[in-house]
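Asker: Please arrange chains B, C, D, E and F on chain A, whose structure you already have, making use of the hints.
Protein chains: 6
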Amino acid sequence: MRPSLRSADALRPVRFTRHFTRHAEGSVLVCFGDTQVICTASVEENVPGFLKGKGQGWVTAEYGMLPRSTGSRMKREAASGKQSGRTQEIQRLIGRSLRAVVDLKKLGERQIVIDCDVIQADGGTRTASICGAWLALHDAIAGLLARGALSESPLLDHVAAVSVGVYQGQPVLDLDYPEDSACDTDMNVVMTGAGGFVEIQGTAEGAPFSREEMAQLLALAEQGITELVALQKAALAD
Amino acid sequence: MRPSLRSADALRPVRFTRHFTRHAEGSVLVCFGDTQVICTASVEENVPGFLKGKGQGWVTAEYGMLPRSTGSRMKREAASGKQSGRTQEIQRLIGRSLRAVVDLKKLGERQIVIDCDVIQADGGTRTASICGAWLALHDAIAGLLARGALSESPLLDHVAAVSVGVYQGQPVLDLDYPEDSACDTDMNVVMTGAGGFVEIQGTAEGAPFSREEMAQLLALAEQGITELVALQKAALAD
Amino acid sequence: MRPSLRSADALRPVRFTRHFTRHAEGSVLVCFGDTQVICTASVEENVPGFLKGKGQGWVTAEYGMLPRSTGSRMKREAASGKQSGRTQEIQRLIGRSLRAVVDLKKLGERQIVIDCDVIQADGGTRTASICGAWLALHDAIAGLLARGALSESPLLDHVAAVSVGVYQGQPVLDLDYPEDSACDTDMNVVMTGAGGFVEIQGTAEGAPFSREEMAQLLALAEQGITELVALQKAALAD
Amino acid sequence: MRPSLRSADALRPVRFTRHFTRHAEGSVLVCFGDTQVICTASVEENVPGFLKGKGQGWVTAEYGMLPRSTGSRMKREAASGKQSGRTQEIQRLIGRSLRAVVDLKKLGERQIVIDCDVIQADGGTRTASICGAWLALHDAIAGLLARGALSESPLLDHVAAVSVGVYQGQPVLDLDYPEDSACDTDMNVVMTGAGGFVEIQGTAEGAPFSREEMAQLLALAEQGITELVALQKAALAD
Amino acid sequence: MRPSLRSADALRPVRFTRHFTRHAEGSVLVCFGDTQVICTASVEENVPGFLKGKGQGWVTAEYGMLPRSTGSRMKREAASGKQSGRTQEIQRLIGRSLRAVVDLKKLGERQIVIDCDVIQADGGTRTASICGAWLALHDAIAGLLARGALSESPLLDHVAAVSVGVYQGQPVLDLDYPEDSACDTDMNVVMTGAGGFVEIQGTAEGAPFSREEMAQLLALAEQGITELVALQKAALAD
Amino acid sequence: MRPSLRSADALRPVRFTRHFTRHAEGSVLVCFGDTQVICTASVEENVPGFLKGKGQGWVTAEYGMLPRSTGSRMKREAASGKQSGRTQEIQRLIGRSLRAVVDLKKLGERQIVIDCDVIQADGGTRTASICGAWLALHDAIAGLLARGALSESPLLDHVAAVSVGVYQGQPVLDLDYPEDSACDTDMNVVMTGAGGFVEIQGTAEGAPFSREEMAQLLALAEQGITELVALQKAALAD
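If you read the protein sequences in the order shown, they are chains A, B, C, D, E and F.
Note that UniProt numbering has the first sequence beginning at 1, numbered continuously upward.
Note that UniProt numbering has the second sequence beginning at 1, numbered continuously upward.
Note that UniProt numbering has the third sequence beginning at 1, numbered continuously upward.
Note that UniProt numbering has the fourth sequence beginning at 1, numbered continuously upward.
Note that UniProt numbering has the fifth sequence beginning at 1, numbered continuously upward.
Note that UniProt numbering has the sixth sequence beginning at 1, numbered continuously upward.
Just so you know, the hints here were simulated from the structure itself, not pulled from any lab data.
If you're wondering where the values come from, they're calculated on a predicted model, not measured in any experiment.
Hints are supplied without guarantee of correctness; some may be wrong.
Derived DSSO-like pairs (lysine-lysine); straight-line CA-CA distance at most 27 angstroms [what the hints assert, rightly or not]: (1) B/82 - D/75; (2) E/54 - E/106; (3) D/82 - F/75; (4) B/52 - B/105; (5) C/105 - C/233; (6) B/54 - E/52; (7) A/82 - C/82.
Isolated chain A (complex conformation) (with noise of 0.2 angstroms):
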């Protein structure tokens, strides 16, 4: 039983806000449950050094948590003078992530920041951060094409992500802060809406887990993604 009631393969009640802040090319509340993360996406007319004159642009994102998103108050960042290293591997996996689904020849010599900001954490913020970013992104390039500036997408297809793991010895989706905290294994899945896989992230917390586990976490994993892309087609529909 999970503390939740949730069923094993049950999303929490996921719920995206477009047009969330006014000043961004993109912005997105993103919502899983508890967790709400502000996705909002910059489009800058400039690409970093190591690109510069390479004809191609960029996608890039950055992640951050308010100091008391969670339940207790965390540095801020800002203040102690660096990121942590969860903090810069969970920014890493949301532009490699994006990146996956951009063709970025055609996004031309510019750049795109993508900022996650957690407001409210109850586990899975990178991988609802992710599932908001894209729709950010989709914005942010639909503006592009509406102004003139693209011609073509450079976008090529949706991206989605869910943690899935092992709770009390059974295999259940989506695992919030409880979940997450208890659980032997916990692994992080990204997908692009035809179904291939862009990143797996397994960490065993406690026992190792088999291929027979893993096995069954991807299915779970597939299931949940095809549910979110869903979401984000009709969050795109309203």
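Answerer: Structure of chains B, C, D, E and F alone, referenced to chain A:
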């Protein structure tokens, strides 16, 4: 004529949403028009080093802006490795303003940390932060009273803040960004519920200002703060 | 009765020593009683990045305290790896104050950097810094005029500053350290030679202050600044 | 055909040199072909702050690359003042992998710090590091047992790691740098001696990968790790 | 012919002003010609961590240059966030030189921190710093003796320093900036009052130097330091 | 009697292994007894900012110690976010020593960066680094000559270094760690192949030293450096 068509002495629509996020002991979303700030109050059962064993508590504040809360994306302070001078100036102001209405001895040897994070900026983020932070502080203290950790409230009064300025030759209340970036004089005023001044920070951005303008600006600020304190009271009454 | 036995409206003995060190284009030692600050102005034939190609110059300031300028030794900011919030607040104030009396277009595409380094502190270091910095700036500009780099002075007026406060219930001028650390209200006022206000920063350290006290403090400040501008003129006449 | 002419399921020549340097409690040079990493284990009789008084120990890891371990010189992280996101990600992975096979309670209130420093890089530095680090950890624990500081070994099993990937459409084992920089999918797998999975990190560098490819890659990894554990055992037998 | 017209073995005019600022336990302005350094000694009733409970004291030094102490403005180290290698090298040299003449056990569990801040630079700032720092240290220790905190002086001897170099083929004493920037060999020598060497740091800026030149330089340095110690004694006699 | 039983004028066994790693243009493992340092030389086709367009090249050095190269683990400088004063002092010394034997004009507008990383420390790491760095520099320059990037060698001479010291009253050559940590005087000497002095850094750790001891130490150092240069030549002859 103000860009927003407001009369010279009109505040923007002000909205306080208490209990905005669920982890913090106090959590308020404050909106002054398009300026939106999340203010949380976190109770910590310790004090900074310089107060150890002094038999009193502390109230302090940190301030940040989401990178894309503004018209063009600002660098994330956590990534650049330090807080700007502006950020430090604002968070010091918020902290001083709140401490002016707290009896730190009555608070006991604990610290309340206020985090003000700007979700969307349209001028006046520091004054909105102070108004919302007071409510978050109030709610955190109410929690301490409710669970018996305090027997008497250390909160002495309301505190609220507003900006005033000289825009196209005319003193106006509560500047939004278009006014703020074009005004001659910009003044932030912090007052208690009882009408005493706590902080005044006035800057001539263009032409120096006279003692008469100063008096007019203070009168406008007093009126605005009176309204803001009434709005804080209404929010508490909900 | 003030600890220094001064009357309420008396400045400390103020002394400006121009050409104090020999390398800088402007170099002034300013003493307000025991407060001693070296102010230098350095002319640099370039502007910060955000002004490149804008056809105007810039005036900026940096501030520091020698570690043992104070009663107990402070950490050296260079060793601790960052400037405190207080330091940044002060150097931003000095920069804004000076820019208020400089026509940056007339200055041309060059920058004047003011360094204010406190050799000995006894209260009022920021206001002494502004008074001395103006003289250093004046001398640097005089040098540019003398060598034909400028044909017309970009310096529009004097600027000077003084602190005022409520000490034991009485408004007093130019607080020294014993007063500063015990006063109820502390206000720094910056004015031009023509008598316009450039900056007002007032803080209630103890009880909030009223509009009447505010008016008294401003009157005291105006009187003090009038004297300080006269002293600047006398220093220039030497 | 692989650039190295290896068959798809062949490891590079792997060599472990124990007691490589003389100060550390465990010191191993591990070579996977041209990839060379010095792994040391240092025993410290204290634990990090968050474990004080919890009656358990800790195992953690740090990772670095000599600036010219790579084809073109990388900036020295000590000189640039921070560790890159990649470095932090890798050292977190090494630490988690080792902790998966250590009974931290049995270790007692002490910490073992693993340092993995890459002398020469040719792909697979993180997986080589984990393999060598386990041996260094083993030797450090053996020393604690030998001098009676521990009565029972807290080491539960071997741990080893290898990379697998899809290179020119074919799943291959233990990628070297030419393969790593050209492959479609890159996966790092960490397993215990008993054959359980500890970490799986798979990334589609080019086209997303399917569940079938995933299964093939995991099978290759299992085979490689079985060989690596055998090589660790051989090194212990020397 | 030296640029300053001094003879090869002539010091610049040297001046020590004791009690230069009023807060520090020892405070000396030292001038070697146009080189001016403020040296303060601060007594702190604690020791650095590595000496806790060891029954001895510590003497350490910090060094800085005002940004415009030099011909062109240097970056403020506090603003750039770190001390340069040169700064660290110099402050380590000053600290070691002073500790060579202090019986740290007799000093007791306290620390004396020397701050050397260069107001105006014209070559030889580190050697001037050492000469002035010794006087500041002396005065701080005299204060400890006077107020009974020490019963016996831990100061074993004088220490003084001077630079020597080969300028246009000729060994000269006490290089000023024009000589320093053009000389072939530059050597800083630190000696005790009794004539023992404490530090020798010689660098061939151009052609390497011979053992004969070395001997000549040391003889010149000995003569100069003998004079400097006499000047320290005269300053104490005032 | 020296702890190592060496005679007073005996070097430790010295070994140079050229082509130690394969990426760098020059790569040397240097061993002085148990002190082991990897020295690499990296050729970069650009120069630091201050030399842009000056028609000359640059040689610079960086130095580091693996955290467990020492008896107890040192903090990793990359993790603590800055290089210590000692590290900076050493890398500045290595750079100056090498530049003393390079004609920077003949090197052309390119930079050679030397990295000296201590694998195992037993005293004398800086002097071993200089000896090995010279060989790495030689090999990098040989490569430039071989591929026609240089037509004439900018390398003017050998450079080598050794430590000497007064251990238990006796001058000894090439101190190892047990001697280094117990000696009265410690001197590092850098000389060219032609026998000129490039750097002398002598420190009295205990009692000050006399001019006679100085002469004895320099004689010992000359003898040791003559042997080291012969060993460098032998290494080149291999």
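Asker: Give a verdict on every hint.
Answerer: Status of the hints after comparison with the structure:
1. B/82 - D/75: Holds. Residue 82 of chain B to residue 75 of chain D sits at ~22 angstroms (cutoff 27 angstroms).
2. E/54 - E/106: Status holds; Cα separation ~12 angstroms.
3. D/82 - F/75: Holds - the C-alpha atoms of residue 75 of chain F and residue 82 of chain D are around 13 angstroms apart, at most 27 angstroms.
4. B/52 - B/105: 13 angstroms, holds
5. C/105 - C/233: 25 angstroms, holds
6. B/54 - E/52: Distance ~25 angstroms between residue 54 of chain B and residue 52 of chain E Cα, so the pair holds.
7. A/82 - C/82: 13 angstroms, holds
The structure fails none of the hints (numbered hints given earlier).
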